[in-house]
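Read top to bottom, the protein sequences are chains A and B.
Whatever position you read off the first sequence (first residue = 1), add 48 for the working numbering.
Whatever position you read off the second sequence (first residue = 1), add 48 for the working numbering.
Hint data in this document are derived by calculation from the structure and do not stem from the laboratory.
Take every hint as true, because none was put in to throw you off.
Copies of the same chain look alike in the list, so a pair counts if it fits in one copy or across any two.
Okay, derived cross-link-like pairs now, SDA-like style, lysine to any residue, Cα gap no bigger than 20 Å in a straight line:
hint, residue 1, residue 2
1, LYS433, ALA414
2, LYS108, ASN69
3, LYS100, ASN69
4, LYS100, ALA62
5, LYS108, ASP63
6, LYS108, GLU139
7, LYS100, GLY65
8, LYS108, ARG72
9, LYS100, ARG66
10, LYS151, MET191
11, LYS151, GLN190
12, LYS151, ARG168
13, LYS100, MET136
Protein chains: 2
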Amino acid sequence: MSLIVQKYGGTSVADAGRIMNVARRIVGTKMSGNDVVVVVSAMGDTTDDLLKLAHQITPKPSTRELDVLLSTGEMVSSTLLAMALKTMGYEAISLSGLQAGIKTTNNFTRALILDIDPQRILAELQAGKIVIVAGFQGVTEQMDITTLGRGGSDTTAVALAARLGADSCVRYTDTEGIYTADPRIVPDATQLKELTYEEMLELSVYGSKVVHPRAIELAEYYNMPLRVASSFTNNPGTLIHGGEKLEVRNKVTAISHDMNVAKVTILGIPDTPGIAAAVFVPLADAGISVDTIVQNASINNMADLTFTITEDDLEKATAIVNQVASKLNAREVLTDTHIGKVSVIGSSMLNGPGYASTFFNSLADANINIELISTSEIRITVIVKEDKVLDAVRVLHSAFRLNEA
Amino acid sequence: MSLIVQKYGGTSVADAGRIMNVARRIVGTKMSGNDVVVVVSAMGDTTDDLLKLAHQITPKPSTRELDVLLSTGEMVSSTLLAMALKTMGYEAISLSGLQAGIKTTNNFTRALILDIDPQRILAELQAGKIVIVAGFQGVTEQMDITTLGRGGSDTTAVALAARLGADSCVRYTDTEGIYTADPRIVPDATQLKELTYEEMLELSVYGSKVVHPRAIELAEYYNMPLRVASSFTNNPGTLIHGGEKLEVRNKVTAISHDMNVAKVTILGIPDTPGIAAAVFVPLADAGISVDTIVQNASINNMADLTFTITEDDLEKATAIVNQVASKLNAREVLTDTHIGKVSVIGSSMLNGPGYASTFFNSLADANINIELISTSEIRITVIVKEDKVLDAVRVLHSAFRLNEA
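Given these sequences and hints, build the entire structure.
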């Protein structure tokens, strides 16, 4: 008998009808002779609605209280799913993060999983039950409820699959899997049968919303293969795994893009050691992730520093950067939100022949101006004007012949 | 320093504005130098909304799952209240039933409190915090969430007050306290300063909705005085207590009435031993409380049996009674929902002089026909036609001069 961990997102359980639909899928897996553990997100917009409720009370809710409040969203969806399964004649039980033994740090609203005590889950499985676990939540040593922050439910699913030694972990979503590019933008984008953890991680960090990077990192760490498939069809979707079983290759896998990007430029900083630290330490302390960084060569002992962040963080970042710039006697701080990121991802790409030239030539031929460049072992990213992002995705998808993938 | 347990109902925390209002009241109590533990119900119609959600999935939800679902209502209100207090600058913490150490039986949807482990509450109080406890819920030995059924939050408050040895337990509501009759029906009804547990228990069972009988029984058992007061004014309300400190008296205290009454009559039952058992055992097994029972004198070896129940139970009861009646070869089953109950409550009333005659004479003078009568040590109840109930309340209130109370 195999143990399968499934994860269903908020849109898959947005109303009673969809919950019944998910229940039927789970029954299918159970009937095929598997033990099933299901991780579920809150219904539709529940989490946003609860946040609004909190903000009616105070603009800065206590994070300890906020976590209890938000955790109720997944408690509701998990109980409804368990009810649906029982109504269909299957033994099922919902477990909160606490009951599922998910122990976390006490960083409220962004707790990290420390360990999972699987006793209760294993006992319920042994009793023949389908176990529904409320995603996104855990409990501290003091029995206080925590939430795991962004990507929380994906992370719950992968962590459970790893800890339980599951044979398979499937993240169901409203797409058929991972594509060579966003099919809404590139109509001949093709669905990938498989890709490596590293490729998926770069795809996620650079724009794909399908699986949260944090869950992929965890899957990679525990070498827990993760399948992404549609909750509306029975297609196999895309398998994300370690790569040992993949064909040896050095080719481009997929293109991702991200419009939620803002650029901050500090102009005319008197060139002294420690500029980067002066800027990036307070940003990191404020929880702001900085992406591409470019420091221009110093002219007349004056440097320019440019970096990108998510647009969501711009207001907070600008306040910090203005203070720092004034301390550094910099001339000016500029911001720009009319930009986007386009990334090409592929194993061993940078070591392969001709990738960089194909990349830059195709963009130049299409008259797309590159503002900033950053690269990793398996990724080339460029920042371009926002109105050029979709063009760039299409041009690159075609240049790398991903429609033939 | 005194320890005060306060309980706020669903209407008192129905929206953000009312939650802030409740928070201000709590701060007032805290600022007067008291330790405060607050028990809170779910916001407004939350519990009904959650029930509806469950019934969209299945007409008969698993009770184990239903309890987790319903428990989220009080988790939400308790966290919002704690956020409100923290925003006002006061240290506060919400605790779920589990975190508050409320151990119950595993009768889901109607669990009984077995014990309270007050460790966490006491630790938080010692740390100077206002403790907000989610009412209506507890946890089994297996760490499964339970709800306490009807009157659950009132019961949580009284049980906590008793276990913590509180100096005072106040149940805030939308009325000023307990009245000699419903002031909407009897304009010169007067507010009672105090009454005994027994009087309040009879009042609650016979129509007053202010405090649930179960909470009053618990208050009596632990001799935990319970104050009922308005959450909108600062008046002292009504104190329900043991009576030792009350003036010695034998007088009528209050009139209650209840429209939610149905009468079931089984006509023409061949008179054999065991009729009552045949009827009332299956009703009790179905969880239906039977009130006034009258079995007519047998004529020609045929008996008639009449009893009252709440209208809510009528459908379920009729199905059972029809089956039993057919087994007993009874002639006919009649039901009537156009009736109501009027009760006069007072300590030592039945032993006092002239109460029964005042009672029956005043109704006769007002041409109010009595269908059934039942009495206890401290109560006389009559069943009358529904359209005579309010008349009867006014006539009795005046006859016993309760406007002078």
